[in-house]
Each structure stands twice: as structure tokens, then as C-alpha cells.
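Same order as they appear, the protein sequences are chains A and B. Under the working numbering, the first residue of the first sequence is numbered 1, with each subsequent residue one higher. Under the working numbering, the first residue of the second sequence is numbered 1, with each subsequent residue one higher.
Don't read these hints as lab results, they were simulated from the structure. The C-beta atom is built at its ideal place from N, Cα and C for all residues, glycine as well. Keep in mind that the hints are not guaranteed to be accurate.
[To be verified] Chain A residues, not near chain B, derived (Cβ > 12 Å throughout):
1) F46
2) M48
3) Y53
4) V105
5) L133
6) V163
7) A199
8) T248
9) I261
[Unchecked claim] Cross-link-like lysine-lysine pairs, in silico, DSS-like; alpha carbons within 27 Å at most:
10) A:K61 <-> A:K138
11) B:K279 <-> A:K256
12) A:K70 <-> A:K247
13) B:K174 <-> A:K256
14) B:K174 <-> B:K13
15) B:K174 <-> A:K70
16) A:K227 <-> A:K70
17) A:K227 <-> A:K37
18) A:K138 <-> A:K247
19) A:K247 <-> B:K279
20) B:K13 <-> A:K227
21) A:K138 <-> A:K256
22) A:K61 <-> A:K256
23) A:K37 <-> A:K21
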Amino acid sequence: MSNPTNDLPQATEHRLEELEKGLFTSDLSVNEFLLIKEVGFHPVGFVMGSSIYHTGIQTRKWSQSQELTKLTEAMYNARELAMNRMEEEAAELGADGVVGVRLDVNYYEWGKDAAEFIAVGTAVKAEDGVSRLNQLGKPFTSDLSGQDFWTLRQTGYMPQGLVMGTCVYHIAHRGIGQTLGTTGQNVELPNFTQALYEARELAMTRMQDEAARLGASGIVGVRLEEKSHQWGSHTIEFLALGTAVTKTSEEMTLAKPTTIISLDN
Amino acid sequence: MTPTPSDLPEAAKRRLSQGAFTSGLSVSDFAACLEMGLEPLGLVQGFCAMQWTTFGSFGRGVTPFAGSSSGYVENYQCPHGMISSEHRMWGQNYEQTWIENSWRDGFNSAYSRMLEEAGTLGAHGVVGLIDSEGPLSDVGVVEFHLSGTAVRVLDAPAPHHVWSTYLAGQRLAKIFEAGYAPVSVVSSVASVRVLSSCITEYLMGGTGAMWSVNAETTEIEQIVSAQNESRAIARSFVRAQLHGDALHGASMTGLTREFAQGDLEIQSRLSGNRIRRFKDFDPLTAPRPTVRLS
């Protein structure tokens, strides 16, 4: 199963055909469902995309901090495949976007160096019939909850896409000389600082590049995640994720906040 | 890499020179920022990886008279006399000033780098600051990481210095509404090492009655004293950073590490927001009582 369109399994097409007849499924809570309706969208179906990817191995130098570009590329491609398939499902339903997207990575005992990348979310369609597809002509994606989606719309912004940047980085081990030279001292280790700084900034820059390709004016809800996956403690994946947004209206309809005293917990 | 200007990595400068804003704020906090007239400019961050050792004073633990006399020290004598070579003849609480200083160096380096990133963006302040520290891949290396969202005050003149706060969204709005403005975050760590005396050790092991110590449930004086002192030291460090301003939203957290039986480190961390009054007290609108249906 590769990237091109229409590579969805037969079971998926059968499920989507049922959804096209009017029945919708969603993982939205009742409150989220009502708020999505409030801003003029209707859920059309729960959509997902998956990719089982062999991430492979890459040799690394013991004493050199460096990006492991092959692993970075693998982690990036695998998520892209899962996201694309989810967008494909949404497009099949005629959706304008997907909200509440979650991206997960699962490892199984049967697949050494392989991982399953899954993207799931709820496809939504504008009730006024006006297309809300993003600049690339695809349904917008976003990891925002229903509440956040409603709030964002009140500020005049519209999500364009879930954007991400990743960087797999190997942090050098310290040599005997370096270790002995600082024995018993609490001091900064500039090489380590620089390596970590570089890795995170690379991940964030790549995320910003994706947002730029969508013509976004900004990214909200940025999260920085770190995982060693199965590579050992010195190899870390830095993942930056957020929702790219554009300003579609100068009107801000958000009600002025009121001070409250909650009578429950 | 020292905490002086222009020690940001090349990748950081490249990222910050791009146009689009990034924000680590939740959508609610983002909306509240816009409502207050704060324009998010970018997610800013600072790091510092520190080599970390808990052994900073030669001879500590061998005799109660070893080590530096700076900081808090309290000795405990055994009331039982020589019983066996395994029976502890003395105990001691002492402040680990080298841990406190190193923590301050690490935090301040990461903090100044974050402010430097914010300054590069022309920000007035950093809101929603999140700080964390934790072990890195190598044993004995601790990483300090601070991040927040740089903001510009709309229609305000260029900033002289960048302010910072842990607050964001409605909590920040309420501070402004009450007539206060954020100045900076303040944070400190106090570290007290506990080398248990015989009584402390027996009480902690639940065998106090064997040694004529009160068999009932009772407080362990040496541990209580260490806890109180570490909190008092953390408070005094933060007070020194306030320079007459007020502290808001302070939170005190404690951490206990056990290195060996009867050998503990008690850490207290106090963090909060340094705020300054910029307008006279203006009572807030009467709050509306509400009951949530969810």
C-alpha cells in the first residue's frame, strides 16, 4: 500500500458508502457536537488512516551529535502516509475538514523496527455549502477539540491543517577526557545544550515550513514531544505539532469574559 | 555556550526569522490574548544541559565537622552511647549550596536564552511559560527547558526589556484587571541533605520502641526540621528576587530522594510570578455564581 489516492482497503470503501447515505459516526462528545453545529459544520463521519512502516536502522558515531536523517525521513513519511489516508477518507465523504485529529505510534511484538502510525479524527462539512478546503484543495485537518474549534472561529481564524516537524537526533556520548575534566563539578555541557537546541529548532522550523506551504498566518496549540521509541537513550525524536490557521474575518465575536464563582468543584 | 547574548544556535535564528506566528497557547488562552490586545509572535524556548553531581563537599558524611560551614547546618547527637559499630553516633542536616547554585545557573541560562529569542522577535513579554527539568540520556546530566509564547502589546512603543509570566488566558486577564502587570517569573530550589541520626533512623524504620524512643506515632524531629528549613530557604531565595514587588500564583513543590538507608535529600522548589501594580485598585465586577451542567 503506497501513497497514491484510492489505495483505501475494500472494507473502508464499504463503510464510507454507508456514511454517504446520511448516517454519521464521530468521536465527538455531545458538547463538541453541539459547538461544531453552532459554527455551521456538521460531522459526516469518523475517519482514519494507518501505515505500518519499517523505520530501519542508521549507524551513528559514538562521540558525535548529529541528525539521523534516514530515521527523520522515515518518521515523517510514515505520519504523512497515515494523514494522507485519513484525508482521503474525508475527501471520499465530501468533507471540508477533519477535527480532533490524533496521531499515535504503536509498536507490536511481531514487527521488529516496524511501527504502526495511525491518524484518526471526525470529518466535518460546512452546512452553508461553501467549500472550506485548504489552499492545497484538501480537507483542512486540526487536532483542536470541538470547544477549541468553536473558540477559534469566534476570533475570525480558520484551521488550515495539522502541521508537524520532526527530527531524530543522536546525542553524542561523552569521552573519558571530557568526563574526567569535569568530574565533581556541576557545570553546563555546551555540546549537549547545542545538540538539543538544534534538534528542537529543526523540528519547529520544519513545522513552520509546512504551515507556510498552506499559506497560514500562524500556528496555534504547538506541542513539543520527545520520544526515544526503541532506539536507546541517546537517540531521541523531537516532534513539533500544531494547527496552522489563517485569518478569514476581521470580526471577533468572542463574548467578553465574565468573572464567575463556580458552585461545583 | 555561555548565557550571554547571541549564543542561540543557527537553527533558532533561522526559525525566528520566518514570518508566521507560532504559539504554544491553548485556543482559549490564544483568544484571551487577542482580547487583551496581546499579539502572539512566536513560541520561544531556552535550554541548558548541566553536568550534575550531588557530591559537592569533600568529607561530608564522614564526620559532623567536615565540609563548608556556609548555609544551614544542624547536628544531632546519639543519646545512647557506643552500642555497636553499626549504631549511628551522630546525624546531620546540611544545606547543599552547590546544588542550589547549580540549579540557579541552569535555570537562568535557559531563561536568558528564552528571553533572547523573545527579544529577537521584538516581543514585549512571554506568556504561558512552562519550565521543566529532567535527566538527559547520560547519567548525571540534567536538562533545563523553558518555553513560552512571545507576545507584543498592540499599539505600544518598543520594549526596553522583556517581561515574563507563567500565566496566560483568563488568569493573566484577571491580573491586568486587578491593576497589576507581570514583571518576571521567579523560581528557586533549596536542597537539604539529611544524614539520619540513630533515633531518626529507628523511627523511620518503625523500630523506635527498641531504643526507648517514644513507641507511639510521633513526629521525626530531624526530618521535620529539614523540611521546614528547605522551605524557608526557598522562600528567602524568592524574596530576594522580588525587589519589593509582589508574588502571585506561587507554588511550592517538594521532592525527596533516598541515596541510601538514612541518607536523604529534601528539595523544595518555589515558583511564581513577580508582579507590580500599575494602576490603583479597582474592584472587579461582582462574580456571577454558576453551576456547570457537565
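Status of the hints after comparison with the structure:
Non-interface status of A:F46 relative to chain B is upheld: no Cβ of that chain comes within 12 Å, the nearest being about 22 Å off. Listed as a non-interface residue, A:M48 keeps its Cβ farther than 12 Å from every Cβ of chain B; the least gap is roughly 24 Å. Every CB of chain B lies more than 12 Å from the CB of A:Y53, the least distance being 24 Å, so the non-interface label holds. With a least beta-carbon separation of about 20 Å from chain B, A:V105 lies farther than 12 Å from that chain, consistent with its non-interface assignment.
The claim that A:L133 is not at the interface with chain B holds, since no C-beta of that chain comes within 12 Å of its own (minimum 20 Å). With a least beta-carbon separation of about 10 Å from chain B, A:V163 fails to lie farther than 12 Å from that chain, contradicting its non-interface assignment. Against chain B, the non-interface label of A:A199 is violated: not every CB pair exceeds 12 Å, the least being about 8 Å. With a closest Cβ-Cβ approach of about 14 Å to chain B, A:T248 is found to remain outside the 12 Å limit, as its non-interface label requires.
Against the 12 Å criterion, A:I261 falls within the reach of chain B, whose nearest CB is about 4 Å from its own CB. Taking the CA atoms of A:K61 and A:K138, the gap is near 41 Å; set against the 27 Å cutoff, the hint is violated. At roughly 21 Å between alpha-carbon atoms, B:K279 and A:K256 fall within 27 Å of each other, so this suggested pair holds. Proximity of A:K70 to A:K247 is assessed by CA-CA distance (about 36 Å); at most 27 Å being required, the pair is judged violated.
For the hint linking B:K174 to A:K256, the alpha-carbon distance of about 12 Å falls within 27 Å, and the restraint holds. For a cut-off of 27 Å, the pair hint linking B:K174 to B:K13 is broken: about 34 Å separates their Cα positions. With a C-alpha separation of about 49 Å, the suggested pair B:K174 and A:K70 falls outside the 27 Å cut-off, and the hint is violated. For a cut-off of 27 Å, the pair hint linking A:K227 to A:K70 stands: about 17 Å separates their Cα positions.
A threshold of 27 Å between alpha carbons decides the hint, and for A:K227 with A:K37 the separation of about 37 Å lies outside it, so the pair is violated. Of the pairs offered as hints, the one joining A:K138 and A:K247 holds, with about 18 Å between alpha carbons and a cut-off of 27 Å not exceeded. Distance hint between A:K247 and B:K279 is unfulfilled; the C-alpha atoms sit about 34 Å from each other, more than 27 Å. Pair hint B:K13 plus A:K227 holds up; C-alpha atoms about 25 Å apart against a cutoff of 27 Å.
Restraint check for A:K138 and A:K256: not satisfied, since their Cα atoms lie roughly 34 Å apart, outside the 27 Å limit. Restraint check: the Cα-Cα separation between A:K61 and A:K256 comes to about 56 Å, which exceeds 27 Å; the hinted pair is violated. Between A:K37 and A:K21 the alpha-carbon distance is near 19 Å, which keeps this suggested pair within the 27 Å criterion.
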